[in-house]
Amino acid sequence: MEIYILNGLILGSIYALIALGLNLIWSITDIPDFSQGGIYVFAAYAAFFSVSLFNVPGIVAILIAALTGAILAFCFEKFLYRRWRGNIPIQLLCAIALFFLLANLAIFFWTAKSWNMDHYIVGKATIMGIGVSYQRLLVIAMVIVLFVAINLFLKRTKTGKAIRAAAQDLEVAPWMGIDTDKVFSIIFAMGGALSGIAAALITPVFTVYPMMGELPLLKALVVVILGGFGSVGGTLVAGLGLGVLESLGAGYISSDYQHGFAFLILMIVLAFRPQGLFGLRRE
Amino acid sequence: MLEVKNLNVGYGEIRVIWDVSLEVEEGETVALVGANGAGKSTILKAVSGALKPTSGEILFKGESITGVPAHKVVGKGLAYVPEGRRVFPYMTVRENLELGAYTVNKDSEVKENMEWIFEMFPRLKERQKQLAGTFSGGEQQMLVISRALMSKPSFLMIDEPSLGLQPSIVDLVYETITTLQEQKITILLVEQNVLKSLEVSRRGYVLDNGRISIQGSSEKLINNEDIKRVYFGID
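In order, the protein sequence lines correspond to chains A and B.
To convert, count from 1 in the first sequence and add 120; that's our numbering.
To convert, count from 1 in the second sequence and add 597; that's our numbering.
Within a straight-line C-alpha distance of at most 30 Å, the following computed DSSO-like cross-link-like pairs (lysine-lysine) qualify:
1) A:Lys198 with B:Lys673
2) B:Lys703 with A:Lys278
3) B:Lys649 with A:Lys278
4) A:Lys278 with B:Lys669
5) A:Lys302 with B:Lys658
6) A:Lys278 with B:Lys708
7) B:Lys669 with A:Lys302
8) A:Lys275 with B:Lys669
9) A:Lys275 with B:Lys673
10) A:Lys198 with B:Lys669
11) B:Lys649 with A:Lys198
12) B:Lys749 with A:Lys302
13) A:Lys302 with B:Lys673
14) B:Lys749 with A:Lys275
15) B:Lys726 with A:Lys275
Derived list of chain A stretches under chain B, where covered just means 3 residues or more per stretch with a C-beta under 8 Å from a C-beta of chain B:
16) 270-282
17) 298-304
Sample of chain B residues with no beta-carbon within 10 Å of chain A, all distances over it, derived:
18) Gly624
19) Ala632
20) Thr663
21) Gln727
22) Tyr771
23) Asp805
24) Arg826
25) Tyr828
Simulated from the structure, these hints should not be mistaken for lab results.
As the structure is a computational prediction, the values presented were derived from the model and not from experiment.
We put the CB at the ideal spot given by N, CA and C, even for glycine.
Just chain A, with the same shape it has in the complex:
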C-alpha cells in the first residue's frame, strides 16, 4: 500500500508541475498548450545529453532543461501563437502540431530508442520500511519548493499580480498599465521552464524516448481541469491525488487500466463540479 502511494505521489508531482504551467497559460490565453508535451521531450533530452555527454551535476542538468523549455515556449508564443491571437481553434491546432512535430524531430535526431539516465543523486532512504531512492525524494521535494515559490511570486510580486489580473480580465489589464504581450511572454517561458524541470526530474527515474511526453501531457491537462483554472493549490492537490489514485488503481485493480482511471475521474468530477475541484468560476 505505502509503495503505491509513494509512487503515486512521485508521478502526481510530475503531473502537477506540468499542469501548473499549462494552467497559467490556459487561464490567460485560453490555449490548452499541447506543445508543452513536446517541450517536455526536448528538455528531457537536453538533461540526458548534458549528463551523459558532459557529465554536468544534476542541478545544472535541471537548469539546462528549464532553460530549453523556457526558450522553446517563449518562441512558440512570440512567433506563432501571437499571430493568431483571439483565434483559439487555430492556436490549438498549432499547439497539437508542435507536440507531434517535436516528438517526431526527437525520433529524427535521436532515433526511437529509449535511453537510461543516471540518477542525479545516488543512494536510498528508508521510509516506513520501504527503500526509496534519493532521486525519487528529490522529485517530490523540488516540486513542493517550486509550488511554494510560484505561489509566492503570484501573490506577492508586482509582476505576479499583473499575471493574475490578466488571468481574471485580459481586456481590463492594459488599462492598468499592464503590457499583456509581456505577460504572455512571461507565462509561456514559465510554463516551458516548469515542463522542462518536470522532464529533467523524472527522466532518471524512468527513461528518455521521443513519445515520453504524451501521457504526462494528457494527465496534466486533466489535472488543470480537476484543480480548476487559476488555482495553484488546486493544481498541486489534483496532481498528487490523480497520481495516487492511478497508482492505487494500477496496483489493486489492474495496471492495464492505469491511464483510463485519470479520464474516468475527470468525467466524474466534470459531471458534478464543472468548475473543477478548487476552480474559480469561468464565464
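Chain A is already provided as a structure; the job is to place chain B on it using the hints.
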C-alpha cells in the same frame, strides 16, 4: 486637456464612429451622451488605446496619443473606468487598488495614493481584504473608479457608471463623481443616463449613430426640445 479631431473608428469593415471631434478642457466635466449603441464606449476605447482609430487625431495635453497602446497611455496621466464594473473578482480590494497604481514605480507614492483613496472612501479601507467579486454593484463601481484614481490621473474617463444600478445607488455613484470634481480632476463622462450626467457636467455632446448631433453647455442641452423629446420622453 483632451482634443479629439475628426475621429473615425471601425470594427473591421463596419464604421462605428464618423468624424467625431470633441474637446475637454482642464478642470471641467464633460458629458458624452447618447442611446445604447451610439458609439460612446467606442470613442473612449479609441482614446484609451484599446482600439486603433481608422483616421483622425487624439491629443492629450497637446501630445498625440493616436494609436498608442492602452498600457502606455495610462502612465501619461489618463485613466479609464470601463463599463460593467470590471473589478478583478478574485483579488482583494487592496490588490485591485494596487493594480490601479501599476504604472507608479515608487512604493511610497502607491501608499500615499491609497491613503488618499481611503480618506475619500472609508468603506474601501474597512473592507480592503475582502475579495472584490463579493462586493455589491455600487461598491464595485466605487472600487473601479478608485482603482483608476490610484495612478493619480489628471484626466479620468468614466464609462456608463450608472448602468444596471438601482436609483439610490446611482445617486451614490454621482456623489462620488462630485467628490472627484472637488479634487479638481478633469472628467469625461459617458452615459445613457442623459439627465443625470448633464446635471453634473459643464458641457455635453450628444452622439447619434456615431456622429455628434448636438453640443453645447449642459444647461442648454437639458432644455433642448429635441433632447427632451428623445431622451427624457417629454413632449
